Amino acid sequence: MSVNESGDFKLTRRAVLAAGGASAAVTVMPAEAEPVPAPKPATLPLSVTVNGKRRDLTLDTRTTLLDTLREHLGLTGTKKGCDHGQCGACTVIVNGTRINSCLSLAAQHHGDEVTTIEGLGTPDNLHPMQAAFIKHDGYQCGYCTPGQICSAVSVLREIKAGVPSHVQADITAAPTATNIEMRERMSGNICRCGAYSNIAEAMAEVAEARA
Amino acid sequence: MKFDTPAGQNPIDQLKVVGRPTSRVDGPRKTTGTAPYAYERHNVAPNQAYGYILGAGVAKGRIVRMDISEAKAAPGVVAVVTTLDFPAPLPLGLANIAHLFGGAEVAHYHQAIAVVVAETFEQARAASTLIHTEYARAPGKFDLAKEAPDAPLAGGSRGGGSGTPPIDRIGDFAGAFAVAPVKIDRTYTTPGESHAMMEPFATIAAWEGDKLTLWTSNQMIAWSKSSLAKILSVRPENIRLDSPFIGGGFGGKLFVRADAVCAALAAKTARRPVKIAMQRPLMINNATHRPATIQRVQLGANQDGRLTAIAHASTSGNLPDGEPETAVSQTKLFYAAPNRETYMKLARMDLPEGNAMRAPGEAPGLMALEMAMDELAEALNMDPVELRVVNDTQFDPEKPNRPFSERHFVECLRTGAEKFGWSRRNPKPGLVRDGKWLVGMGMAGGFRNNILTKSAARIRLEKGGRLTVETDMTDIGTGTYTILAQTAAEMMGVGLDAVTVVLGDSDFPASAGSGGQWGANNSTAGLYAACLKLREAIAQRLGFNPTDTIFSDGKVTAGGHSVPLADAARGGALVGEDGFDPTDMSKRWQQSTFAAHFVEVAVDSYTGETRIRRMLAVCDAGRILNPKAARSQVIGAMTMGAGAALMEELAVDTRFGLFINHDLAGYEVPVHADIPHQDVIFLDHPDDKSSPMKAKGVGELGLCGVGAAIANAIYNATGVRVRDYPITLDKHLDKLPAIA
Amino acid sequence: MKSFTYERAKTPRDAAAAVARTPGAKFLAGGTNLLDLMKLEIETPTHLVDVQDLKLDRIEPTRDGGLRIGAFVTNTHLAADERVRRDYGVLTRAIVAGASGQLRNKATTAGNLLQRTRCPYFYDPNMPCNKRKPGSGCGAFGGFNRNHSVIGGSSLCICAFPSDMAVAMRVLDATVETVRADGSARSIPIADFHRLPGSQLPVGEFALEPGELIVAVTLPKPIGGRHFYQKVRDRSSYAFALVSVAAVIQRDGTGRVAFGGVAPKPWRVEAAEAALPQGAAAVTAAAFAGAAPRPDNAFKLPLATRALASVIAQAKAEAA
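Which chain is which? The protein sequence lines are A, B and C, in order. The first sequence maps to residues 1 to 211 in full-length UniProt numbering. The second sequence maps to residues 1 to 740 in full-length UniProt numbering. The third sequence maps to residues 1 to 320 in full-length UniProt numbering.
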């Protein structure tokens with residue numbers, strides 16, 4: 001059985017695919033198969049302040065904040081784990097709030113202030129959270145680590161600011177930095193090496209020092 | 001250095017640096033984002049272009065035609081390389097089952113069929129969707145349950161340590177099982193699992209004439225160098241791999257994958273360096289996975305709990321030329337019993353490549369065996385800890401004249417039971433309540449072999465006194481940088497800060513690499529050998545007698561004479577290079593690691609959701625070189641085991657022949673909220689048969705048995721036995737207490 | 001991702017007009033779902049109109065004692081609002097049960113309502129999906145459908161609507177306020193905002209006209225009662241619901257209930273709520289009459305009952 005390529009093959013070939021089993025010639029086309037003339041990529045000038053330094057860029061409109069940092073500004077501390085908001089490795093702090101930089105266009109951040117892992121501390125001048133991660137071995141392969149640390153710093157701020165969470169018994173009460181609160185709030189940062197238990201302890205130490 | 005007799009007293013036994021909880025030496029770089037991973041190395045080669053891989057849209061068949069004209073004309077596109085540019089598949093690398101590129105045949109879904117190279121990532125990605133591919137789809141086999149009944153017997157070896165012949169028989173299993181007073185005969189299933197490491201497969205490839213350099217993310221540098229030479233038909237000496245930081249592997253980066261091959265091919269065509277990171281939605285079907293299993297365990301015991309008969313059979317599927325998941329291998333060694341039978345069957349299937357994932361064999365095998373042991377304990381009305389104690393063996397049960405080098409499994413069990421408060425467990429399931437929660441405790445034994453393999457290293461005493469260690473060994477999060485630095489510091493009598501460790505470069509001496517939990521012991525033993533060479537060279541240069549020269553506190557001392565270590569390098573750097581050769585030590589002694597896992601869970605009596613409350617692992621794994629990082633390895637493995645027990649499953653669409661949940665939203669792995677505080681206890685039993693380090697592997701042990709411990713705890717909580725992993729709520733919901 | 005042009009509109013009306021006059025244009029708010037889908041070319045806008053400067057980021061009281069939530073208010077901001085926590089607790093609870101902290105910081109109120117399904121067949125362009133490619137079939141219907149609808153779907157599409165927030169809004173009888181390209185305003189009851197797939201192609205999804213922009217969601221005045229959002233999922237956090245229950249239960253045992261994860265829209269059957277005092281089974285028997293589960297997701301029906309029973313038990317315990 002075969003299906004010709006012209007005309008109304010699409011419905012038919014899907015039916016063939018769904019039937020499975022029998023050998024069939026099929027064409028899998030890109031999602032939006034209608035051929036469109038390729039326009040020149042649109043570009044956009046923008047300026048972002050990253051780790052206190054103003055950066056002026058002209059970028060393809062499609063460029064995410066994540067790829068802006070990694071590919072255009074050489075700030076590769078922010079990681080690309082999934083590029084789809086499913087892992088948290090790309091977490092950065094924008095105007096004081098943590099976000100997934102993979103699901104944000106650079107264009108959305110014209111005029112914004114971005115803090116990345118490189119802006120929190122350096123090997124010779126560690127942020128207390130970075131030092132606590134080292135002390136408690138809150139990482140293994142290190143790939144999710146910058147995102148974990150940016151999130152951890154933000155989570156303590158969010159708790160202090162009273163942002164509610166799923167695990168609060170009383171949603172109107174002020175949250176506190178308990179183990180389960182931190183774990184729930186950190187759940188958008190996946191660590192496949194499984195350093196969670198140690199990360200919670202690193203955060204607890206920083207939270208206590210600040211309290 | 002030939003290691004052919006048990007290690008005697010040696011400088012490592014001082015334990016001034018080795019054996020102490022040590023923060024990772026690479027920590028400041030990893031926590032500040034300054035450790036460079038493969039895709040991030042902007043500075044290693046100028047003018048890098050971006051590659052983007054297109055995966056096959058069907059699971060099996062042949063590509064009839066590809067139209068790349070639109071893609072080639074797209075803005076910024078530098079080159080398009082398609083699989084049809086090659087008349088036949090490129091040769092397979094080590095342990096590759098399906099070809100990584102080349103030819104018209106499609107062996108599995110999302111197999112790489114084209115690479116688009118462009119000036120920017122955005123341009124390459126957009127152009128990849130402009131390639132129009134026509135397939136002749138062929139029928140395939142995608143349903144393990146359907147294929148299993150006709151699957152033939154098959155032996156196999158997975159990850160080196162879990163090799164198993166197709167069938168093994170000791171004594172008369174059938175006869176003994178038939179007359180056993182108490183018996184269990186159950187079937188368990190485990191699903192396919194994905195490594196889901198956080199760093200995608202990534203490579204930058206650059207050619208200079210005939211010479212190819214790949215900055216990549218790979219666990220096994222020497223294997224992969226020779227594999228790439230074969231795949232690309234390039235002389236091995238013309239290939240260099242560099243992989244200093246690896247964002248997780250878990251077995252998924254043991255072998256060469258499509259990113260490296262596609263980057264190399266694309267760089268050749270584009271005549272400039274090309275970088276590729278495989279997009280996450282492609283990874284699960286493009287690469288390898290842990291195959292699903294159907295396992296049958298039969299246990300026959302006397303009333304006192306002593307096993308008289310053990311049988312374990314496992315069926316898994318794989319592509320032609322693939323191997324079975326060696327899920328029965330631990331059953332050959334774990335418990336005593338005079339009558340034994342283990343066998344594996346392998347169904348030929350067309351799903352993506354099944355291959356090693358952390359603790360291959362043992363991880364799914366123990367999920368079955370240790371649940372069966374729990375069922376047997378209940379049938380015997382015996383404590384599950386005691387059942388395992390009475391069936392301990394100090395010898396290979398298949399070869400009674402072959403002892404274990406060290407085996408302290410009973411101590412793991414006893415220590416764990418005491419520390420966990422096991423005596424508080426109610427052996428009758430389904431009776432402990434905490435509000436709406438049903439609470440239960442479970443335990444399981446853990447077992448994983450200790451694999452000995454060759455490993456080489458080089459150490460140089462630089463002018464000024466610094467020590468530099470060079471080996472192609474990798475650190476995949478295992479803490480290898482740190483234990484190598486500790487080893488060098490201990491051997492040369494200096495502090496950790498006097499040592500620099502450089503890893504992952506194929507120009508360095510070939511090491512054991514990272515896999516099969518063999519990395520730590522073998523790579524440090526290789527460095528130990530190199531350090532002995534350097535000590536000799538230093539003594540010689542200083543005119544000391546090598547045999548009574550002491551290296552301590554930054555000084556070299558002999559015959560009452562003492563000089564700073566740095567003095568030895570005044571006349572130029574000194575180098576020691578050697579390797580560890582374990583000869584037949586692991587044949588003469590069975591070398592394994594042991595654990596006891598204890599878990600407490602709570603199951604929501606309304607919704608059936610399981611939440612883990614406590615976890616403890618007690619590990620017997622020789623000398624622990626760095627208790628801090630080793631503990632992390634174990635808790636990480638326990639976390640992966642929690643995923644396997646509760647949520648991880650590659651969902652097969654048997655019509656289209658793919659894992660349909662092929663991203664990190666669909667394939668759920670544990671998150672912070674799933675994992676409570678975890679406890680790990682290491683027993684202190686150095687193993688002098690394993691190496692001069694007296695260490696053993698520990699990175700996979702933590703995963704071995706933990707899934708069953710969770711499952712057994714769920715049963716203890718609910719009274720509902722689910723034998724089909726993962727134990728999601730839908731599998732016991734209808735048997736939970738009726739609601740008001 | 002297809003190439004596109006980008007602009008920031010200054011007023012809602014300008015934004016709506018810009019999208020209406022540009023073929024292939026879309027609004028961009030947080031972008032957490034749109035960019036995800038654009039990377040896979042499931043969404044292929046030619047022009048994006050960013051709405052971040054429209055000043056739609058406020059929560060204000062309404063004259064009749066309710067709240068008007070700007071379309072661009074982030075999920076975090078909405079969940080953390082003192083008034084919402086106090087008077088519309090089900091909404092705060094639903095929002096913080098969804099996604100992750102990072103995503104909630106970026107995702108907006110309007111964007112959350114406009115989330116597209118997380119069905120894996122929708123997400124894989126090689127697979128059939130009537131929502132992505134009308135006429136190609138429903139991959140999930142005969143395939144992997146554990147996470148899919150048990151009611152409200154059809155053989156054309158059995159996707160489940162993924163939002164938690166919208167389930168709470170459904171229980172609160174929220175109203176979606178929009179501006180059309182011609183500048184006219186419109187109010188759409190949340191019950192009518194999400195459309196069922198139906199029996200004809202293309203499958204239904206949202207009750208919006210081309211270029212129509214959500215500017216706010218209005219909550220009527222508080223209804224009191226105890227507020228619950230129980231979300232059941234395989235992992236403890238950062239996962240879509242298998243089943244969720246949004247409920248507001250009064251001291252006398254009466255109340256309102258809506259379910260998430262079970263249908264292509266937030267699932268509420270007002271007539272079924274009368275049975276609340278009789279218990280969960282009576283409610284779900286009525287709410288899920290005519291359910292058509294697939295073999296892999298039939299468990300969602302007893303699960304919905306049990307999750308609701310859990311909520312009712314909690315309400316009783318708190319009231320006692």
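These are calculated hints, taken from the structure and not from any lab test. It should be emphasised that the depicted structure is a prediction, and the values quoted were computed from it without experimental measurement. Check the hints yourself; a few may be wrong.
To be verified - No farther apart than 25 Å at their CA atoms in a straight line, the calculated lysine-lysine pairs in the BS3-like style are these:
| id | chain 1 | residue 1 | chain 2 | residue 2 |
| --- | --- | --- | --- | --- |
| 1 | B | Lys628 | A | Lys135 |
| 2 | C | Lys2 | B | Lys72 |
| 3 | B | Lys419 | B | Lys628 |
| 4 | B | Lys16 | B | Lys436 |
| 5 | B | Lys211 | B | Lys146 |
| 6 | B | Lys436 | C | Lys316 |
| 7 | C | Lys55 | C | Lys316 |
| 8 | A | Lys135 | B | Lys587 |
| 9 | B | Lys16 | B | Lys533 |
| 10 | B | Lys533 | B | Lys555 |
| 11 | B | Lys399 | B | Lys463 |
| 12 | B | Lys533 | B | Lys399 |
Tested hints:
The suggested pairing of lysine 628 of chain B with lysine 135 of chain A holds, with an alpha-carbon distance near 9 Å, which does not exceed 25 Å. Annotation: proposed proximity of lysine 2 of chain C to lysine 72 of chain B holds, straight-line Cα distance about 15 Å (limit 25 Å). Restraint check: the Cα-Cα separation between lysine 419 of chain B and lysine 628 of chain B comes to about 20 Å, which is no more than 25 Å; the hinted pair holds. Our distance criterion of 25 Å between C-alpha atoms is broken by lysine 16 of chain B and lysine 436 of chain B, whose separation comes to about 51 Å.
For the given pair, lysine 211 of chain B sits about 48 Å from lysine 146 of chain B by alpha-carbon distance, which is inconsistent with the 25 Å threshold. For a cut-off of 25 Å, the pair hint linking lysine 436 of chain B to lysine 316 of chain C stands: about 13 Å separates their Cα positions. Between lysine 55 of chain C and lysine 316 of chain C, the direct Cα distance comes to roughly 42 Å. Violation of the 25 Å bound is thereby established for this hinted pair. Between lysine 135 of chain A and lysine 587 of chain B, the direct Cα distance comes to roughly 40 Å. Violation of the 25 Å bound is thereby established for this hinted pair.
In summary, the hint linking lysine 16 of chain B to lysine 533 of chain B is supported, as the alpha carbons are separated by about 21 Å, within the 25 Å threshold. The straight-line distance between the Cα atoms of lysine 533 of chain B and lysine 555 of chain B is roughly 17 Å, inside the 25 Å bound, and the hint therefore holds. With a C-alpha separation of about 53 Å, the suggested pairing of lysine 399 of chain B with lysine 463 of chain B is violated against the 25 Å cut-off. Between the alpha carbons of lysine 533 of chain B and lysine 399 of chain B the distance comes to roughly 38 Å, so the proposed pair goes past 25 Å and is violated.
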